[in-house]
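Protein sequence lines correspond, in order, to chains A and B.
Going by the working numbering, the first residue of the first sequence is number 10, and it counts up by one from there.
Going by the working numbering, the first residue of the second sequence is number 10, and it counts up by one from there.
Just so you know, these hints were derived from the structure itself, not from any lab.
Watch out, some of these pointers could steer you wrong.
Copies of the same chain are indistinguishable here, so a pair counts whether it falls within one copy or spans any two.
Restricting the straight-line Cα-Cα distance to at most 35 angstroms, the calculated cross-link-like pairs of lysine-lysine (DSBU-like) are [stated by the list, open to error]:
#1 353 / 333
#2 170 / 142
#3 174 / 208
#4 33 / 353
#5 192 / 349
#6 317 / 347
#7 283 / 353
#8 181 / 317
#9 216 / 181
#10 237 / 275
#11 275 / 134
#12 34 / 353
Number of protein chains: 2
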Amino acid sequence: MNSNSIVIMAGGAGTRLWPKSRLKKPKQLYALVNNDSMIRNTVNRLIPVVGEKNIFIATNVNQAQEIAKELPELKNNILIEPFVRNTAPCIGLGALKMIETAETVAFLPSDHYIGNVKEFQKVLKEAFRVAQKDYLVLIGIRPTDPDTGLGYIEMGNNLEKDVYKVRRFVEKPDLKTAQKYLKSGKFLWNGGMFIAKPKFILELFKKHSRGIYKNLENIKDSPKNLNKIYEKMENISFDYAIAEKAEKIAVIPGDFAWSDIGNWKKLLEMLSRKDQENTIVGCEHYGVETSGCLIHGTDRLVATIGLKDIIVVDTPDVVLICHKDKAQEVRKVVEILKLKGQEKYL
Amino acid sequence: MNSNSIVIMAGGAGTRLWPKSRLKKPKQLYALVNNDSMIRNTVNRLIPVVGEKNIFIATNVNQAQEIAKELPELKNNILIEPFVRNTAPCIGLGALKMIETAETVAFLPSDHYIGNVKEFQKVLKEAFRVAQKDYLVLIGIRPTDPDTGLGYIEMGNNLEKDVYKVRRFVEKPDLKTAQKYLKSGKFLWNGGMFIAKPKFILELFKKHSRGIYKNLENIKDSPKNLNKIYEKMENISFDYAIAEKAEKIAVIPGDFAWSDIGNWKKLLEMLSRKDQENTIVGCEHYGVETSGCLIHGTDRLVATIGLKDIIVVDTPDVVLICHKDKAQEVRKVVEILKLKGQEKYL
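Chain A extracted, bound-state conformation (with noise of 0.2 angstroms):
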């Protein structure tokens, strides 16, 4: 047992990028930036830093099977957590799988993009071998514009060249405070990166969330019993339940063109360029008089006229159009149509 390991998490259900975003096939499952899914992308870029055989996909049980579909040479290396909980639950499993075989383990988001990832790959080896160091090391990213759906990572004192210990965690802030934190140059963004030892993990687990630890040892004790154990998990995020508490817990800055694509607007920004009037992905368009949108389409031919700083995403069995900086409304039309009972939309 020498060796890094990865688990990417790929269990979210990326609601505010519906309607191409759905339940069985959420976005990271989708091409969204180029001709490859999200997951595809995040694949290939680990693969070089730990090696194929030490990537692992945490998902749960409604994914699984097309997560299988789009990586079978990872078919094998799938976690499948049985019901639907956060990410605390979710890096505790996890680190118990890996306890054995993993000196190190990163858990990383399966649906971010980014741009640099020479840069990339670089922070998150400096990463495990901090980590080494019996550290809860996150990877932060360089604020380039005072985000509000985001959180941010406050930096402490060095801990050595280039990495900070963890002052605070600050949910997602107003304008004005997102403002002040890009130009105090002392905040990162918290892009859910997390690496560590397995066991070191367990042990933050014992000493910040008795619950979810006690039900890591049954698991541990009686795997047959998972699916029961796990259902009774607590709902809650690693940052939450751990990370907010733990003490040796260090942040390294990355600059390597960071975005969460948390909603339409964002992939939009990713996207667009100077040179074209609009933004046009998987479909055929006509525009006149049109500009600033986003058209994210499928195998039907999308028409505009009229339009400025529209998105619009055209599925098969849904259409949405969306003003731009509107885009994080889109979680209430998902619950409309779940409160409506419209599974088949979700």
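Given the coordinates of chain A, assemble chain B onto it according to the supplied hints.
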């Protein structure tokens, strides 16, 4: 021979209602205002005036099959134009075919909306009566707004009570002129409805449109050459070729909640109700911060967020999204598609 007949002109392409209206299945074949197709509504309102057996449909080869499907009871009353020409050859050929069987014939559009059917029927009967006096009779519509997308008819002196001689025809005016027309009370919208004896119509062709008249004579002499002769017909409207030149021409003003549904905005205006934020036809719609929109769909879900005054037309192979004040520009998209050879979308 002592009857009134009607020829419904159903050869139009309705390109401004693209993508619902297509070359092989244009506007008149769609349910736009209620559950029946426009042409079915047209037939229904004419049966009480002349009886089913006296109703004929003039159309071209592209659409004949779909029309026979839509109106099976009239499939033996379809007059097929072998080539797509304009209304002058259509009305000429219709008059020729009716000359032995009908005393007077009304040539009427297939795809207009008429809200007050009783009033329309009354005016049409009046028109048949006046046509007996060897007049070309038009039905004009009292304007309700300064529409710049329609032709106008200026009324001259009274021929009898509520029947006027036509002073002149005016093509689509600019807004200022249209406002003047509306205020004057002397102008009517030209709804393209012509009533006359077939013999009188042929005399008008003889006098004002020698080319078409000669072709009609040739068709009469050798009906088997119809195709070859019709191909040579001038592509000109009856308004230009005949009506603007005729001397014995009268107009009867009508006030029956008429619309040519000339574009999507007009359909929106016609269907919108004060008690509803948006106008939804044929599909499910969930809207957040959406108002003044027309959503005209099929079996897919349409979701909208942060939209105002937008028209969405969802069809199986095309989705159109258009600001309502740009509804006239739909033609431009159709032209682009023609230029690009995208026949399947026409």
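Verification of the hints:
Proximity of residue 353 and residue 333 under a CA criterion of 35 angstroms is satisfied in both settings, with 25 angstroms inside one chain copy and 31 angstroms between copies. For the homomeric pair residue 170 and residue 142, the shortest alpha-carbon distance inside one copy (15 angstroms) is at most 35 angstroms, but the shortest distance between copies (103 angstroms) is not. Taking the shortest alpha-carbon separations for residue 174 and residue 208, only the intra-copy value of 20 angstroms comes in at or below 35 angstroms, while the best inter-copy value is 99 angstroms. In this assembly of identical chains, residue 33 and residue 353 lie within 35 angstroms of each other by CA distance both inside one copy and across copies; the values are 10 angstroms within and 33 angstroms between.
In this homomeric assembly, residue 192 and residue 349 never come within 35 angstroms of each other (Cα to Cα): the closest approach is 44 angstroms inside a single copy and 50 angstroms across copies. For the homomeric pair residue 317 and residue 347, the shortest alpha-carbon distances inside one copy (30 angstroms) and between copies (25 angstroms) are both at most 35 angstroms. For the identical chains of this complex, residue 283 and residue 353 are inter-copy neighbours only, at 32 angstroms across copies versus 38 angstroms inside a copy, given an alpha-carbon limit of 35 angstroms. Proximity of residue 181 and residue 317 under a CA criterion of 35 angstroms is satisfied in both settings, with 28 angstroms inside one chain copy and 29 angstroms between copies.
Proximity of residue 216 to residue 181 under the C-alpha cut-off of 35 angstroms is restricted to the intra-copy arrangement: shortest distance 27 angstroms within a copy versus 81 angstroms between copies. Taking the closest pair of Cα atoms, residue 237 and residue 275 never come within 35 angstroms of each other, the shortest separation being 39 angstroms inside a single copy and 60 angstroms across copies. Taking the closest pair of Cα atoms, residue 275 and residue 134 come within 35 angstroms of each other only inside a single copy of the chain (28 angstroms); across copies the shortest separation is 63 angstroms, beyond that limit. In the homo-oligomer, the alpha carbons of residue 34 and residue 353 lie at most 35 angstroms apart both inside one protomer (12 angstroms) and across protomers (31 angstroms), since each shortest distance falls under that limit.
When the structure is compared with the earlier hints, violations turn up for hints 5, 10 and for no others.
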